[in-house]
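Each chain, written out:
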Amino acid sequence: MDRRQVLRNISLITGAAFVGGEMFLQTGCKPANNAITGVTSVSPKDFDLLNEIGEAIIPTTNTPGAKAANVAQFMSDLVNDCYSEKDRKIFIEGLADIQSSFQSKNKKSFAEATREEKIAFLMEKDNEAKEVNKANQEKAKEERTTHYFTMLKQLTILGYFNSEIGATQTLRYVAVPGRYEGDVPYKKGDRAWAT
Amino acid sequence: MQDTLYFNSKAKTKHTFDAIVVGSGVSGGWAAKELTEKGLNVLMIERGPKYEHVKDYKTVSNDPWDSKYGTETTQQQKEDYPVIHRGWAANQVVMDAWTNEKDSPYTEIKPFTWWRSYRMGGRSLLWGRQSYRLSEMDFEANAKEGVGIDWPIRYADIAPWYDHVEKFVGISGSKEGLSQLPDGQFQPPFPLNIVEKEIAKKIKGHYNSNRHLFVGRVANITQDLPGRGKCQYRARCWEGCPYGGYFSTQSSTLPAAMATGKLTIVTDAIVKEVIYDKESKKAKGVEVLDTVDNMTYEFYSNVVFLCASTLNSTWILMNSATDVYADGLGSSSGELGHNVMDHHYNLGASGTIEGFDDYYTYGRRPTGFYIPRFANIGSDKRDYLRGFGYQGAASRQGWQRDVAELAIGTDLKEFLTEPGNWTIGATGFGEVLPHHDNKIMLDKRYYDASGNVVTDATKGKQKTDKWGLPILAADAELRENELKMRKDIVNDLKEMWEAAGVKDVKTRDTGHALGHGIHEMGTARMGRDPKTSVLNAYNQVWDAPNVFVTDGSGMVSSGCQNPSLTYMALTARAANYAVEQLKKQNL
Chain A
1 MDRRQVLRNI SLITGAAFVG GEMFLQTGCK PANNAITGVT SVSPKDFDLL
51 NEIGEAIIPT TNTPGAKAAN VAQFMSDLVN DCYSEKDRKI FIEGLADIQS
101 SFQSKNKKSF AEATREEKIA FLMEKDNEAK EVNKANQEKA KEERTTHYFT
151 MLKQLTILGY FNSEIGATQT LRYVAVPGRY EGDVPYKKGD RAWAT
Chain B
196 MQDTLYFNSK AKTKHTFDAI VVGSGVSGGW AAKELTEKGL NVLMIERGPK
246 YEHVKDYKTV SNDPWDSKYG TETTQQQKED YPVIHRGWAA NQVVMDAWTN
296 EKDSPYTEIK PFTWWRSYRM GGRSLLWGRQ SYRLSEMDFE ANAKEGVGID
346 WPIRYADIAP WYDHVEKFVG ISGSKEGLSQ LPDGQFQPPF PLNIVEKEIA
396 KKIKGHYNSN RHLFVGRVAN ITQDLPGRGK CQYRARCWEG CPYGGYFSTQ
446 SSTLPAAMAT GKLTIVTDAI VKEVIYDKES KKAKGVEVLD TVDNMTYEFY
496 SNVVFLCAST LNSTWILMNS ATDVYADGLG SSSGELGHNV MDHHYNLGAS
546 GTIEGFDDYY TYGRRPTGFY IPRFANIGSD KRDYLRGFGY QGAASRQGWQ
596 RDVAELAIGT DLKEFLTEPG NWTIGATGFG EVLPHHDNKI MLDKRYYDAS
646 GNVVTDATKG KQKTDKWGLP ILAADAELRE NELKMRKDIV NDLKEMWEAA
696 GVKDVKTRDT GHALGHGIHE MGTARMGRDP KTSVLNAYNQ VWDAPNVFVT
746 DGSGMVSSGC QNPSLTYMAL TARAANYAVE QLKKQNL
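First to last, the sequence lines map onto chains A and B. Residue 195 is where the first sequence ends in our numbering, and the numbering goes up by one at each step. Residue 782 is where the second sequence ends in our numbering, and the numbering goes up by one at each step.
The reader is advised that the hints may include incorrect statements.
Stated by the list, open to error - Think about it this way: if two alpha-carbon atoms lie no more than 27 Å apart in a straight line, the pair counts; the simulated BS3-like pairs of lysine-lysine are:
1) A:Lys89 / B:Lys263
2) B:Lys370 / B:Lys576
3) A:Lys45 / A:Lys118
4) B:Lys698 / A:Lys187
Quick caveat, the hints were computed from the structure, so don't treat them as lab data.
Please take these sequences and the hints and turn them into a complete structure.
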């Protein structure tokens, strides 16, 4: 068992503990009953929205973005099967909030908006999430809250860089390296290893 | 019980063997190899299912995108494996390896984190592979300091056996000439990276050559061994290695034992007890519960090696010979189940390193660096006993690094497309002193329907596992010596990092429940006197000399070095002794 893997996994990405992953780490408490009562799950009808949000977070540049990597599938799998009921509720209500608050702000649906409008809107949500994460740093663990956009950002980054597109086209991936070199010359712009 | 590929189909009719080995992990594999190679017909009994080399390593050819949940675990897994989810090993790619905690519960009178893998090969497939010798200082410490009891052996007794196992296992490492961490029979070491080399140099300079940082000695091979290919730098060892690049029962000891034609294996069979013969005061064999058909079988042998893992070997002893010894075979000393130890960790320090932006790494090294013990050595006196080592690594941050400040979009993507800063971090591993009151026992209490302890059988019932067998209760905790040491583990590392020029050093100490170090040991300690120990100097149970316990149970003190290599050496030594004694008809 490689204890160093932990160090890689814990400081995930967004200034917040990885949602779904930390629940039992410190407390060892019993999980909440997972009977899904009153909380719906993410379904394929949400995939377009999730991929659009993902694409705003990790866009197509000279390599394909989150939509091409279909991060919606990964988001859906994680939220439905790995999130606690409480976190899943936050996530699903967040998707509803994105659509309704976009509608009332822009007088059209999120789906009909241009990519620029979507990005501008999601930038605001990102800022809201950052404020929440910042405030959490001052709070006791049990009083911390999670903004749904933190979840979306984490899931997009995780899903994208774990995808074949993210790992092999945007990053570099070698399944069987065969050797270790600890002093390879690096120049700015060289891509990072996926694993 | 299932017949495995290795299973001699005569086993159910031919129930008598020269030796029985209980367990198939690091120790059991070694016992089977040594005993069969010395000519004995051996039955190995594994409580879990069979698990075949390469064929059963199901995720081994997967790429990251083949795992539906990445490394995350599902809510169902979190419910089924709550103990494993306290630590870092709750990773989707290895969840099938862990023992179902509902089927095999245990009681925590005080928090005790027990990581179990019940299948062929046990934790030899999952282990961290760090391999260090104990030193003379470690074997002498109890006697010198008046802690616990004296080890019945010294370094010279075990040194040839370290040599013996290291050559076969394939330990890569560098010779450092340190008395507190003896050198061994090493394959060429893995390299340190450029940053680690620099930090090592600075630490050496700052501390007058009294502190050392070198590459971790690890049971991953850098040169081919018979039947095994060298490490290919995938660093996915715990999924099983298709090349046999690291030591496991499956890659190493099992093929050797099979090659003798003298090994029979039974899986899916829990050894309930050692069958004890009052007349001869020896074991006749073992009684097993078949987990598939729930039938009980008996197997007979001249010697029994208990290698069922630290707490489980003791559990077997506690259930054995109870008509003679109420608290089980080996309990006449009053020490069976006592003196449970571990290494305490979950603490350390990390920071960033500047000036190496022009360097990166290639490949995934299966080890990091090691900083051996320096506390309470020479003039370095502390206000507690013993000491600690560190394990860690320096690397450039990857795409999982914190991007809290970044917005979304192209900048974020491009930022994560490049490696981040060089960082360095390490975790301390501290020695835990043996303490009589740190103990395990059979949980004989009665519980009512809501799980509260009640007075007697009229008000509730005893807890059992899925097969109706008694379960263990753990009642152990870190004590003053360890708690004092933890402060130094964190502060000393911070000081070393800062002395070596590491910036923005952050410390952590998240507390440690015993067991969490996965180095649980003790509970059937070796010793010189049957009044104060369970095993003698050759790991024989004083009260039944043809029963050997050669896993971590026999440890008299814990050192701070990763212990598996010592279990291997003790097992090989005991097996050699057992065969000698059989030849002399002393057993």
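The hints, checked one at a time:
1. Between lysine 89 (chain A) and lysine 263 (chain B) the CA atoms are separated by roughly 21 Å; this keeps the pair inside 27 Å, and the hint holds.
2. For the hint linking lysine 370 (chain B) to lysine 576 (chain B), the alpha-carbon distance of about 26 Å falls within 27 Å, and the restraint holds.
3. Simply put, lysine 45 (chain A) and lysine 118 (chain A) have alpha-carbon atoms about 19 Å apart, close enough for the 27 Å limit, and the pair holds.
4. A hinted pair counts as satisfied when its Cα atoms are at most 27 Å apart, and lysine 698 (chain B) with lysine 187 (chain A) qualifies at roughly 22 Å.
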